Each structure stands twice: as structure tokens, then as C-alpha cells.
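Visitor: Letter by letter, the chains look like this.
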Amino acid sequence: MGGKIFAVLIVIIALASAVPIMNHTFLGASVTLPEDISTHGKAIDDQLSVTMKEAGISFLAAQLVLGLFVWQFANRKGATKTFPGGATAMVIVAFLFVGAEVLALGMVGSKAWGMVYFKPAASDALPVQAQAGQFAFYFRYPGPDGKFGQIHPDKIDEGNSNFFGLDPENDIPARDDITAGELVVPVGKEVNLMMHAKDVGHSFYVRELRIQQDFVPGLDLSVHFTATKIGKYEIVCTQLCGLGHYNMKSYLNVMSQEDFDKWLKSQSN
Amino acid sequence: MATILHPPQTEVERGRQLENNGAGGGFRNLAPEGGNLRRVKDPSGEPTRTGIWVGMAAIAMSFAALTSALYVREGSGYADWTHISLPPILWFNTLSLVLSSIALERARHRVATFMRGQEGTRSVPMLWLNATMLLGLVFVVGQYFAWLKLRSEGLYLPTNPNSSFFYVLTGVHVVHVLGGLGGLSRVMLKFRSATNPLRRSTLDTTSYYWHFMGLLWVYLLFILWLKL
Amino acid sequence: MSDMSVHAAVHGAPTSFIRKYVFSLDHKIIGLQYYALALVAVVTGMVLSWIMRVHLVWPNAPIPGLGALAKVGAPGGVVTPEYYLQLMTMHGTLMVFFVLTNAPFAAFGNYFLPIQIGAEDMAFPRFNMMSFWTTFVAFCILISAFFVGDGPPLSGWTGYAPLSAVGKDAGPGQGIGQSLWGISIFVFCIASLLGSLNFIATTLDLRTKGMTLSRMPIVTWAWFITSCIALLAFAVLMPACLLLILDRVTGTSFFIPAGLNVGDHIQPHQGGSPLLWQHLFWFFGHPEVYIAILPAIGIVSHILICNMRKNMLSHRVLIYCMMAIGFLSYMVWGHHMFLSGMNPFSALVFSFPTLMITIPATIMTLIWLGSLYGSNLRINSASLFCLGFISMFVSGGVSGFFLAQPSIDIYLHATYFVVGHFHMVMGVAAIMGVFAGTYFWFPKMTGRMMNETLGRWHFFLTLIGTYAIFMPFHYLGLAGNVRRYSAFQDDFLVPLIPVHKFITYAALFTGAAQLIFIANLVYSRFKGPQASPNPWECTSLEWSTPSSPPPFDNFGGQHPVVHHDPYQYGVKSSTGDYIMQTSPGPGAAS
Ligand code: HEM
Ligand SMILES: [Cu+2]
Ligand SMILES: [Cu+2]
Chain A
1 MGGKIFAVLI VIIALASAVP IMNHTFLGAS VTLPEDISTH GKAIDDQLSV
51 TMKEAGISFL AAQLVLGLFV WQFANRKGAT KTFPGGATAM VIVAFLFVGA
101 EVLALGMVGS KAWGMVYFKP AASDALPVQA QAGQFAFYFR YPGPDGKFGQ
151 IHPDKIDEGN SNFFGLDPEN DIPARDDITA GELVVPVGKE VNLMMHAKDV
201 GHSFYVRELR IQQDFVPGLD LSVHFTATKI GKYEIVCTQL CGLGHYNMKS
251 YLNVMSQEDF DKWLKSQSN
Chain B
1 MATILHPPQT EVERGRQLEN NGAGGGFRNL APEGGNLRRV KDPSGEPTRT
51 GIWVGMAAIA MSFAALTSAL YVREGSGYAD WTHISLPPIL WFNTLSLVLS
101 SIALERARHR VATFMRGQEG TRSVPMLWLN ATMLLGLVFV VGQYFAWLKL
151 RSEGLYLPTN PNSSFFYVLT GVHVVHVLGG LGGLSRVMLK FRSATNPLRR
201 STLDTTSYYW HFMGLLWVYL LFILWLKL
Chain C
1 MSDMSVHAAV HGAPTSFIRK YVFSLDHKII GLQYYALALV AVVTGMVLSW
51 IMRVHLVWPN APIPGLGALA KVGAPGGVVT PEYYLQLMTM HGTLMVFFVL
101 TNAPFAAFGN YFLPIQIGAE DMAFPRFNMM SFWTTFVAFC ILISAFFVGD
151 GPPLSGWTGY APLSAVGKDA GPGQGIGQSL WGISIFVFCI ASLLGSLNFI
201 ATTLDLRTKG MTLSRMPIVT WAWFITSCIA LLAFAVLMPA CLLLILDRVT
251 GTSFFIPAGL NVGDHIQPHQ GGSPLLWQHL FWFFGHPEVY IAILPAIGIV
301 SHILICNMRK NMLSHRVLIY CMMAIGFLSY MVWGHHMFLS GMNPFSALVF
351 SFPTLMITIP ATIMTLIWLG SLYGSNLRIN SASLFCLGFI SMFVSGGVSG
401 FFLAQPSIDI YLHATYFVVG HFHMVMGVAA IMGVFAGTYF WFPKMTGRMM
451 NETLGRWHFF LTLIGTYAIF MPFHYLGLAG NVRRYSAFQD DFLVPLIPVH
501 KFITYAALFT GAAQLIFIAN LVYSRFKGPQ ASPNPWECTS LEWSTPSSPP
551 PFDNFGGQHP VVHHDPYQYG VKSSTGDYIM QTSPGPGAAS
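Protein sequences appear in the order of chains A, B and C. Following my numbering, the numbering of the first sequence begins with 1 at its first residue and continues without gaps. Following my numbering, the numbering of the second sequence begins with 1 at its first residue and continues without gaps. Following my numbering, the numbering of the third sequence begins with 1 at its first residue and continues without gaps.
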């Protein structure tokens with residue numbers, strides 16, 4: 001009795017688990033990746049869907065076989081039998097299939113990874129500095145001189161909108177720096193985002209952009225991407241940073257080049 | 001390692017010894033089929049020996065973690081890795097720790113001769129054990145002086161990464177050395193005790209540990225010398 | 001007898017209550033103590049998860065009684081955002097350290113490892129007692145964080161620096177609460193090191209006559225391999241905690257870099273490396289998940305073999321797989337840090353061994369499945385939980401396949417996909433192993449049988465419930481739902497709240513189903529039917545003891561002599577279809 005119930009149940013559970021994945025929806029909510037708006041994102045999405053197929057098949061196969069064997073052999077009497085091939089067959093199958101799968105996925109996947117991380121940003125990429133602090137993101141553009149001013153942690157003064165701790169009095173490159181609460185970028189242009197953590201660790205995550213990168217205090221990290229679709233997207237923090245972690249967000253605002261230029265000009269005044 | 005056989009000296013001790021051996025862990029593959037095994041048990045296969053090796057492996061792992069932390073910290077990209085000159089007393093301390101290991105080997109040898117009955121009194125082995133202990137204490141006190149020396153130069157635990165690692169590595173090592181000194185005093189107490197005799201495995205494992213502390217110190221000193 | 005702590009496996013039976021049940025040297029009592037502690041921890045952890053789940057979907061609902069318990073964290077019973085994170089940290093820490101390390105490994109290992117190798121006790125009974133009481137102290141220190149200042153820490157069970165290192169400027173609970181956390185884990189490390197040392201020495205030196213290494217049951221092997229892993233893992237976490245405490249208390253800068261402006265204070269530190277903490281932590285952290293799962297693998301295989309009435313296709317291959325996993329577990333820690341800014345090439349270096357772990361994991365799964373074929377599988381609560389374990393192990397394993405690939409991790413890292421993954425493979429699977437072990441060994445531990453009907457209800461409700469909780473976590477992750485959020489207010493998160501509601505209902509349901517287990521445990525302990533000496537007709541030594549629970553020295557003054565490989569099933573013998581390891585005479589050719 002118990003065996004049959006288990007067998008049926010496990011098959012139902014396995015199939016039911018797969019349905020939302022295939023339908024991309026669960027209880028009316030969309031549970032799939034949002035539309036990709038980056039140049040590298042397709043590689044990641046492809047990788048994910050290949051993995052999903054392989055993992056999905058393995059998952060279903062294993063659960064169904066489990067159900068089948070339990071159904072068949074639960075509380076059976078009589079002499080026991082051995083699976084044809086025995087352990088050797090299992091080891092060989094695992095090595096061949098999983099080994100090949102692992103190698104293939106590893107190889108292909110490293111290309112997607114490389115698109116984000118192996119290639120440095122193009123030399124004409126738009127430099128933007130992102131600063132993460134409890135619990136807000138700020139972004140900084142170097143201004144006409146193309147140079148960022150120095151950051152002085154002790155000069156940070158949120159009341160006076162000096163979020164980065166700039167010192168325009170003594171530091172000439174700092175004078176024309178443009179600070180914004182949103183990440184505004186032109187469409188189709190590569191952006192080189194330099195990450196700076198003000199206090200503790202944070203992370204920059206834009207689902208549509210297929211980009212996630214930690215801010216690590218004391219480390220100068222950068223990540224680069226090209227947004228391909230005009231629109232406004234949410235930036236959230238994904239590295240636990242304190243009580244306001246859930247509330248730490250900003251927007252990625254992808255504009256046409258003209259709009260971007262206009263925006264930049266309006267900011268520098 | 002020197003092999004020591006030490007049958008007990010007195011009838012009382014012999015009785016204890018048998019009883020203790022009977023209680024000693026290993027009886028691997030020596031139990032007769034079916035019989036009452038309480039009486040006849042193999043005194044070999046002492047878990048103490050395994051235990052000390054396993055313990056030393058764990059300690060080695062901890063220090064490996066600490067010293068690799070030192071390397072990572074040095075390369076953390078921020079130019080605050082400086083240089084501190086090691087207090088010269090460290091060389092003296094090293095010497096005393098090495099000497100104490102030698103003294104311990106002498107002690108083991110003498111304990112063995114005493115146990116074999118080739119030596120009348122406990123005084124000579126005891127002397128070597130005392131010497132070991134004393135040299136170990138000198139090491140600990142010497143390390144304390146090394147810390148005082150750094151403090152007098154204004155180098156405290158948080159002053160810079162070099163001083164932090166100096167205090168941490170030497171401090172954690174000294175804590176382990178104190179454990180070794182505890183083990184040595186246990187050996188000495190047992191060696192003198194008529195009711196609770198010293199076992200070979202106790203002496204052996206204590207001395208492995210003690211030599212390990214010496215080796216570990218030499219390794220640490222090398223790292224400190226190389227990196228600080 | 002003053003030498004007991006280092007030498008004797010034998011010590012006289014104690015008579016006073018304190019020596020017998022409190023400061024006991026008996027490995028069986030110590031095993032039960034660990035079990036009880038794990039039970040307290042798991043109930044606490046589960047209640048915390050309830051509060052978390054309720055808060056996530058009804059952020060403003062007052063939780064009855066909570067207001068009085070946590071005046072600061074939950075004024076009027078309404079959980080504040082920071083209190084959510086504090087509960088989450090305590091939930092994770094309790095579950096990982098005090099449940100998953102204690103129950104399958106320390107509790108069952110203590111009770112059954114010595115018996116299964118025919119020893120009278122652990123190699124170092126006094127160390128053994130110390131391990132438990134040290135663990136207990138660590139537990140008390142951790143729990144005390146609820147009652148100090150502004151409560152427990154909020155930096156998660158991973159305690160990432162500098163959030164965990166800079167002190168109270170970083171937020172509520174980051175003052176004394178975080179220090180208590182660090183000290184608790186430090187003390188826990190000492191306990192686990194002592195425990196592992198004891199397990200290793202016991203396995204190597206106290207095997208009875210005829211009990212060669214290769215004749216040890218698979219679960220004994222699992223505990224042995226686990227103790228080897230734990231020895232190295234906790235030996236690394238311990239100095240890491242020391243450095244963390246020093247950073248917090250003495251102002252050193254191991255993990256804190258220069259120029260941090262936290263809470264409008266420039267931190268007086270410079271040059272430290274936050275990544276150093278991550279490396280040290282995950283060097284421990286990844287092996288830790290195998291510390292949780294390997295004993296469960298062993299328990300489940302052991303129980304399944306007995307209930308299938310035949311050996312696994314090869315229980316040795318399973319053992320080799322466990323060794324391979326243990327070995328690989330030390331080469332993969334970086335897969336938790338793909339996006340932490342380490343060298344992008346090293347991400348691939350960490351990714352490959354991670355993917356390779358799927359090979360032994362697949363072999364194990366195939367062997368379990370292939371062994372079920374043609375078996376005479378007996379269905380009972382214990383074997384059902386074993387089947388549930390296999391199912392969960394597969395489900396959690398396949399999601400690991402995603403996270404092992406750095407490119408996919410860019411999207412899924414720090415989402416609920418990860419939460420779903422580790423809860424299934426490490427949390428639920430390991431706990432199913434513990435349940436299986438409990439139903440299986442309860443007759444030996446208490447002399448009474450557990451109630452089978454309640455056991456099956458418990459199993460089926462748990463199976464349905466855990467899938468209902470943890471499968472949807474994966475869907476949320478695919479939608480990009482980030483974890484460690486105490487409220488979902490972003491535009492893309494709000495539409496997912498119905499899924500969260502579903503999960504919360506499922507969590508309340510599943511938690512309530514565990515009451516069946518507790519009731520069964522208590523009822524059967526006092527009122528269960530008497531167990532026969534070997535109710536499951538199992539071959540290993542724990543079923544050869546003269547009584548249940550076994551006498552103080554396990555075999556009543558005798559030492560068993562082992563004549564066979566562990567799993568002689570499906571053979572004709574005077575007892576039926578199995579031959580005890582201890583019975584003389586020929587066994588089946590193996
Ligand atoms: C009743 C069953 C359980 C429920 C409903 C539950 C629920 C949760 C929730 C909601 C979180 C927070 C996720 C987030 O905000 O990121 C969490 C975190 C966690 N849980 Fe559970 N959990 C359960 C059982 C377990 C078990 C058995 C384990 C043992 C492995 C476990 C280990 C953890 C860990 C390690 C974390 C991470 C904490 C952190 O992020 O620092 N949980 N759980
Ligand atoms: Cu943040
Ligand atoms: Cu891992």
C-alpha cells in the first residue's frame with residue numbers, strides 16, 4: 001500500500017514540478033526570465049535553457065524510475081534479482097553521460113562567462129562609477145574632462161548631496177563630475193561600470209541585463225555591458241548589507257543617444 | 001622514535017598495568033572466539049597514538065589556514081604591509097624549544113632504562129623531564145618578552161598587519177605549547193605516581209606533540225622571518 | 001581510572017543520575033544528548049522560519065506572543081525588517097550547525113559507530129562528553145544573542161565581512177549579537193574537532209576481531225569519511241572566527257579595508273580583505289554541506305539495503321563515491337564566490353570540480369535506483385523516508401547543476417533558486433535521512449517500536465509539504481526573486497507574492513505535520529510495543545547486542561567476533577534470508 005502510494009505520489013510531484021517550468025507561470029505569476037536587454041544575455045539564456053533541458057530530463061527520468069521500481073518491487077516476495085549490468089554499468093553510464101555533459105556544458109558555458117568577464121571593456125566604453133552604500137546606489141559620470149574626482153570617505157555628506165565625498169575645492173577633476181541616483185545609459189553603447197563600495201558588501205543586479213556583480217569594499221571591480229533596449233529597469237542589491245537591504249534599489253534608464261546627451265547636459269548645469 | 005619497553009617496577013604497578021591494558025582500547029583481531037574477552041585483551045592499537053596524529057593534523061590545518069591568510073592579506077592590494085624587525089629574543093626562544101625537544105628525547109631514553117629496571121631511581125629521568133619542562137617554560141616566557149619588546153616599539157596587535165599576524169601566530173602557538181606543558185606535567189605526575197603509572201603511549205604521544213610544537217614553531221619563525 | 005580520558009574504552013557503569021544522564025561518558029547517552037539538542041534546535045529553527053514566512057507575506061500582521069518576547073525586534077508582534085534578517089541568521093546558523101552537523105553525524109554517529117564496529121565505547125569517552133557539553137555551551141551562547149542589546153546578528157549564517165566585522169555601526173545586532181555569534185561558532189568548532197578526532201581514532205583502533213575496514217557497514221564508513229572532512233573543515237573555520245573576533249574586539253584589520261564610511265563613521269581600519277573571510281568561510285562552508293549529507297547518505301543506504309533484502313549493486317562503490325565527494329569538496333569552495341570579484345579564470349577552475357561532483361552523485365543515484373530493481377523492498381516508515389531522501393537528493397542535485405556554471409550563476413546567484421537548491425539537497429534530504437534513522441533505530445535506542453501508521457502519515461505529509469515549499473523557490477529564482485529580502489516591494493517582486501503566499505501556507509502545513517513525529521516519538525518512547533532484538537532482520541552489529549537499548553558496555557562483557565561482510569541478504573540461513581555479521585559459518589560469496 002505505502003509503496004504504491006509513494007510511487008504514484010512521486011510521479012505526480014515530479015510532473016507537477018515540471019509544469020510551471022514549462023508553462024513559465026505559477027499561480028498566475030510569471031516565473032521565467034524577463035526579456036533580455038543585453039548583448040551577452042543570449043549566451044546565458046541559451047546556456048540556461050540547455051541546462052534546463054538536461055537537468056529536467058534527468059530529474060523526470062530519475063523520479064519516474066524511482067516511482068516505477070517502487071511500484072513494482074515494494075513488498076514483493078520471492079528471490080531477489082540484480083539489475084543487468086550491475087554496478088559497473090552504472091559507473092560507466094555515469095562517467096560517459098555525465099562526464100560528457102559536464103565537459104560540454106563547462107566548455108560552452110565558459111564562453112558565455114567569458115563574454116562578460118574575459119574581455120575587457122572596449123576603450124570607447126562609457127565609464128560610469130557606481131557607488132553602493134547602506135542603502136542606496138549612486139552613479140557618477142566623469143563629465144567633459146573624462147576624469148573622475150578623488151573619493152574622500154570622510155567628506156561624504158548626504159545632506160549636501162555629496163554622496164561620493166568629492167572635494168571640488170581642491171580637486172579639479174571632481175568639479176565637473178555628474179552624480180545621479182539612477183544609472184542612465186545610452187542604448188547600444190557599451191558601459192564600463194566601476195564598482196565602489198562605501199561601507200559593506202553590496203551587489204548590483206539587473207535581471208533584464210543578465211548582470212550581477214558584487215561590490216566588495218576595498219576592491220576596485222568593474223563590469224561592462226551593452227543595453228539594447230530603451231526602457232527603465234530595476235536595479236536591486238543582492239548582497240546582504242543590513243537592515244535596509246530589501247529597500248536598496250535604483251533604476252537603469254536606457255535612453256537613445258540623443259536623450260542621453262540631453263540628460264547629461266541637463267545634469268551638468 | 002626510540003622504542004621503549006616499560007614493564008612496571010612493583011607488583012602493585014604490574015597489577016595496575018595489566019588492568020589498565022585490559023581497559024585499553026585496542027583488542028583488534030586478538031579476541032579469542034567466544035571466550036570471555038574481558039580478561040584477555042590486546043594492549044596494542046592504542047587510540048592515543050592515532051588520536052595525537054589526528055590532532056596534529058587538525059592543528060597543522062589551522063596553522064596552514066592562518067599562514068595562507070597571511071599571504072592573502074599581504075596581497076590584499078592595499079599598501080599597508082610593512083616590515084617589523086623580529087625581536088632577537090626569538091632566536092634564543094627557538095634554541096630553548098629545540099633544546100627542550102632534545103631533553104625530552106633523553107628523558108624518554110632514561111625513563112625506558114628505568115622501566116627496564118636498569119636504573120635504580122627515578123631521579124635521572126626526572127631530571128631530564130624537568131629540564132624539558134623548564135626549557136619549555138623558558139620558551140613561553142621568552143615569547144612574552146618578545147611581545148613586550150614589540151609593545152615597547154609601539155607595535156600592538158592592531159597597529160599594522162605585520163604586528164597583527166605576529167601576535168596571532170605566536171599567540172595561538174603559545175596556547176598550543178601550554179597544552180604541551182600540561183601534557184608534560186601529566187607525564188611527570190604519572191611517572192612519580194605509584195598508583196597511576198605512566199604508560200608508554202602517554203609518554204610517546206606527549207613527546208610527539210612536543211616535537212610537533214617545535215617543528216611548528218620553526219615553520220612559523222620561517223614565515224615570520226620571510227614575511228614580516 | 002584517572003587515565004580514562006585518553007585511554008580506556010571501558011569505564012565502569014555509573015550509578016548516579018548526574019553521571020548517568022548528564023555528564024555521561026557513555027557514547028549512547030551522548031548520542032541521545034546530541035539528538036535532543038538537535039531536536040531543540042530544529043524546533044527553534046522551524047519556528048523562526050514560520051515567523052519569517054508569515055512576515056514575508058503579511059508584513060504588518062502582528063504575530064501572537066512575539067511582541068512580548070522581542071520588544072525591540074517585533075514591537076507589538078510586528079516583525080521589523082531588521083528582525084527578519086536576524087531571525088534568518090539564527091535560523092540558518094541553528095539549522096546548519098546545530099541540526100545538520102549534530103543530528104546525522106554527531107548524534108547517530110555517537111550512538112551507533114562504536115556498536116557497529118563492536119567496541120564498548122568511543123576511544124576517548126571523556127573527550128566525547130566534552131564535545132557534547134562544548135556544543136551545548138556554543139548553543140547557549142548563540143541563543144543568548146536573542147536576549148542582548150538589539151538582538152542577534154543580521155549578517156546571515158555566512159557572516160560576510162565587513163558587515164560582520166565593523167561592529168554596531170553596521171546595524172542592529174551587529175554589536176554584541178554578532179560577537180556572540182562569532183564566539184559561538186568558535187566554540188562549536190572546538191567541539192566538532194574533538195568529536196571528529198574521537199570518531200577517527202575509534203574507527204581505526206577499536207574495531208573488534210574480524211571487523212576489517214572493508215567489513216564496516218556503509219554508514220560507519222560515512223561517519224568515518226565525514227569525520228575526516230569535518231576535521232579539516234572546522235580546523236579552518238576556527239582560526240577564521242578568531243580573526244573575525246579580533247577584528248571586532250581589538251581593532252585589527254584582517255577583513256576590513258580602509259576608508260569605509262559605515263553609519264557615518266569612518267572605520268578605523270585599513271588594508272583588510274573581505275574576500276579573505278569569504279575564502280576561509282567557504283573553504284569550510286562547502287565541505288560542511290557534505291558533513292550534513294554524507295551521514296544521511298550512509299544512513300539511507302544502510303537502511304535501504306536492509307529493507308530491500310539484498311545488498312546494493314555495490315555498496316563499496318557507494319563508499320568510493322563518498323570518498324570522491326569528500327575529496328572534491330575541498331576544491332570547489334570558490335563556486336560561492338563567482339561574482340565576488342575573484343579572478344574570472346579561477347571561476348572556471350572552481351566550476352569544473354564542482355561539475356565533476358555530479359559524477360559520483362550520479363553514480364550513487366543510479367546505484368540506489370538500480371538496486372531497487374528486483375528487490376523485495378519492505379515498505380515501512382524508515383524505508384519510505386529513504387525513498388524520499390533519494391527523490392530529494394535528485395531534485396536538489398539537478399539544481400546544483402545550474403549553479404555550478406558561472407555563466408548561469410550570474411543570473412541565479414543570490415536568488416531564491418539558491419535557497420531552493422540548498423534546502424532540498426542539504427536541508428530536507430539530510431533531515432529525511434535523520435527521520436529514516438530515527439524510525440529505523442528507535443527500537444534499538446529505546447527497546448520500543450514507533451507507531452507505523454503515524455510514521456507513514458508523517459512521511460507522506462512531509463514529502464508533499466517539502467516539495468510544496470521548496471520547489472516553488474526555484475520558480476521564484478528563475479523570475480529573479482532575490483533572497484534575504486524582508487519584504488517584496490520592488491515592481492518585479494510584487495507579482496510574485498502569490499507564490500510566496502503559497503509557500504507560507506505550505507511551510508505552516510509542513511511544520512504542523514512534524515507534530516505527528518514529535519507525538520510519535522514521545523508516545524512510542526513510553527507506550528510503544530516492545531521491540532524484538534532485531535525487528536528489521538538486519539545483519540550489522542548493532543542488532544547483535546544482548547538488549548535494547550544495549551547494556552552499558554554494548555555487548556554485555558563479550559566482544560563480538562565478525563565473520564562476514566556487512567550485508568549478507570537473500571541467502572538461505574537458519575535465521576531466514578540473512579546472516580548476521582557475527583554468526584559463524586560460511587556466508588554468501590560476495
Ligand atoms: C520548515 C522548513 C523551512 C522553511 C520554511 C525555511 C525557510 C527559510 C527561509 C524563508 C529562509 C530565508 C531565505 C532568504 O530570505 O534568503 C531560509 C534560509 C535558510 N535556511 Fe531555511 N527553512 C526551512 C528549513 C531549513 C532547514 C532544514 C535547513 C537546514 C539546512 C535550513 C537552512 C537554511 C539556511 C542555511 C538559510 C540561509 C540563511 C542565510 O541566508 O543566512 N532551513 N529558510
Ligand atoms: Cu546593499
Ligand atoms: Cu559549495
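Keep in mind that the hints were calculated from the coordinates and are not lab data. As the structure is a computational prediction, the values presented were derived from the model and not from experiment. You may find that some hints are simply not true.
Unchecked claim - Here are some, though not all, of the chain C residues that point toward chain B, as calculated from beta-carbon distances under 8 Å:
hint, residue
1, Trp58
2, Ala235
3, Ser253
4, Leu276
5, Val522
6, Phe526
7, Pro529
8, Gln530
9, Pro533
Claimed, not checked - In silico DSSO-like cross-links for lysine-lysine, where the CA-CA straight-line distance does not exceed 27 Å:
hint, chain 1, residue 1, chain 2, residue 2
10, A, Lys147, A, Lys111
11, A, Lys249, C, Lys501
12, A, Lys42, A, Lys189
13, C, Lys572, A, Lys81
14, A, Lys77, A, Lys189
15, C, Lys168, A, Lys155
16, A, Lys189, A, Lys119
17, C, Lys209, C, Lys501
18, A, Lys42, A, Lys111
19, A, Lys111, A, Lys189
20, A, Lys77, A, Lys53
21, C, Lys168, A, Lys77
22, A, Lys147, A, Lys265
23, A, Lys249, C, Lys209
24, B, Lys227, B, Lys149
Every residue gets a Cβ at the ideal spot worked out from N, C-alpha and C, and that includes glycine.
Visitor: Does each hint fit the structure? Answer for all of them.
Guide: Consistency of the hints with the structure:
Interface restraint check: Trp58/C against chain B, minimum CB-CB distance 44 Å, threshold 8 Å, status violated. Here the hint on Ala235/C is kept, as its CB sits about 4 Å from the closest CB of chain B, short of 8 Å. The criterion of a C-beta within 8 Å of any C-beta in chain B is met by Ser253/C, whose closest approach is roughly 7 Å, and the hint holds. Given hint, Leu276/C at the interface with chain B, holds; its Cβ is 5 Å from that chain's nearest Cβ, closer than 8 Å.
A hinted interface residue such as Val522/C counts as satisfied when its beta carbon comes closer than 8 Å to some beta carbon of chain B; here the least separation is about 36 Å, so the hint is violated. A least Cβ separation of about 34 Å between Phe526/C and chain B goes past the 8 Å threshold, and the interface hint is therefore violated. Annotation: Pro529/C was flagged as interfacial toward chain B, and the flag is violated, the nearest CB pair being 33 Å apart, outside 8 Å. Evaluation of the Gln530/C hint against chain B yields a violated restraint, the C-beta minimum of about 28 Å exceeding 8 Å.
With its C-beta approaching chain B no nearer than about 19 Å, Pro533/C sits outside the 8 Å limit, and its interface hint is violated. Our distance criterion of 27 Å between C-alpha atoms is broken by Lys147/A and Lys111/A, whose separation comes to about 33 Å. Between the alpha carbons of Lys249/A and Lys501/C the distance comes to roughly 23 Å, so the proposed pair stays at or under 27 Å and holds. With a CA separation close to 17 Å, the supplied pair Lys42/A and Lys189/A stays within the 27 Å bound.
For the hint pairing Lys572/C with Lys81/A, the CA-to-CA distance comes to about 15 Å; that is within 27 Å, so the pair holds. Taking the CA atoms of Lys77/A and Lys189/A, the gap is about 70 Å. The hint is violated against a cut of 27 Å. Taking the CA atoms of Lys168/C and Lys155/A, the gap is about 21 Å. The hint holds against a cut of 27 Å. For the suggested pair Lys189/A and Lys119/A, the alpha carbons sit about 16 Å apart, so the restraint of at most 27 Å is met.
Using a Cα cut-off of 27 Å, the hinted pair Lys209/C and Lys501/C is violated, with the two alpha carbons roughly 58 Å apart. Taking the CA atoms of Lys42/A and Lys111/A, the gap is near 12 Å; set against the 27 Å cutoff, the hint holds. For the hint linking Lys111/A to Lys189/A, the alpha-carbon distance of about 21 Å falls within 27 Å, and the restraint holds. With a C-alpha separation of about 38 Å, the suggested pairing of Lys77/A with Lys53/A is violated against the 27 Å cut-off.
Our distance criterion of 27 Å between C-alpha atoms is broken by Lys168/C and Lys77/A, whose separation comes to about 65 Å. The hinted pair formed by Lys147/A and Lys265/A meets the criterion: a straight-line CA distance of about 16 Å does not exceed 27 Å. Pair hint Lys249/A plus Lys209/C does not hold up; C-alpha atoms about 66 Å apart against a cutoff of 27 Å. Restraint check: the Cα-Cα separation between Lys227/B and Lys149/B comes to about 19 Å, which is no more than 27 Å; the hinted pair holds.
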